[in-house]
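Could you build all of it, start to finish, from the sequences and the hints given here?
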Amino acid sequence: MEDKPTFLTRPYLPPLEDFLPYLAEIWESRLLTNGGPFHQQFEEKLR
1 MEDKPTFLTR PYLPPLEDFL PYLAEIWESR LLTNGGPFHQ QFEEKLR
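Numbering-wise, the numbering used here puts 13 at position 13 of the sequence shown, and it's gapless, one number per residue.
Simulated from the structure, these hints should not be mistaken for lab results.
These numbers come from a predicted model, not from an experiment.
Note that CB positions come from ideal geometry on N, CA and C, so glycine has one too.
Heads up, none of these hints are tricks.
Ranges between beta-carbon positions, derived for each pair:
#, residue 1, residue 2, range
1, Glu2, Phe38, 32 to 38 Å
2, Gly35, Lys4, 38 to 44 Å
3, Glu43, Glu2, 37 to 43 Å
4, Lys45, Leu20, 20 to 26 Å
5, Gln40, Pro11, 23 to 29 Å
6, Trp27, Glu2, 34 to 40 Å
7, Pro5, Ile26, 32 to 38 Å
8, Gly36, Phe7, 27 to 33 Å
9, Asp3, Ala24, 36 to 42 Å
10, Lys4, Gly36, 33 to 39 Å
Below, simulated SDA-like cross-link-like pairs (lysine to any residue); rule was C-alpha separation at most 20 Å, straight line:
#, residue 1, residue 2
11, Lys45, Ile26
12, Lys45, Asn34
13, Lys45, Phe19
14, Lys45, Tyr22
15, Lys45, Thr33
Structure, rendered in structure tokens:
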């Protein structure tokens with residue numbers, strides 16, 4: 001077992017490359033609000 005510190009407040013983040021397509025879409029739409037398309041898609045999936 002490796003001796004690595006465990007940071008309780010450091011979140012796991014997937015590779016940035018996984019998010020770049022989403023960020024590009026957000027930048028193109030210029031909708032950075034809770035009412036934007038990604039927020040609406042998220043709410044729809046919760047139903």
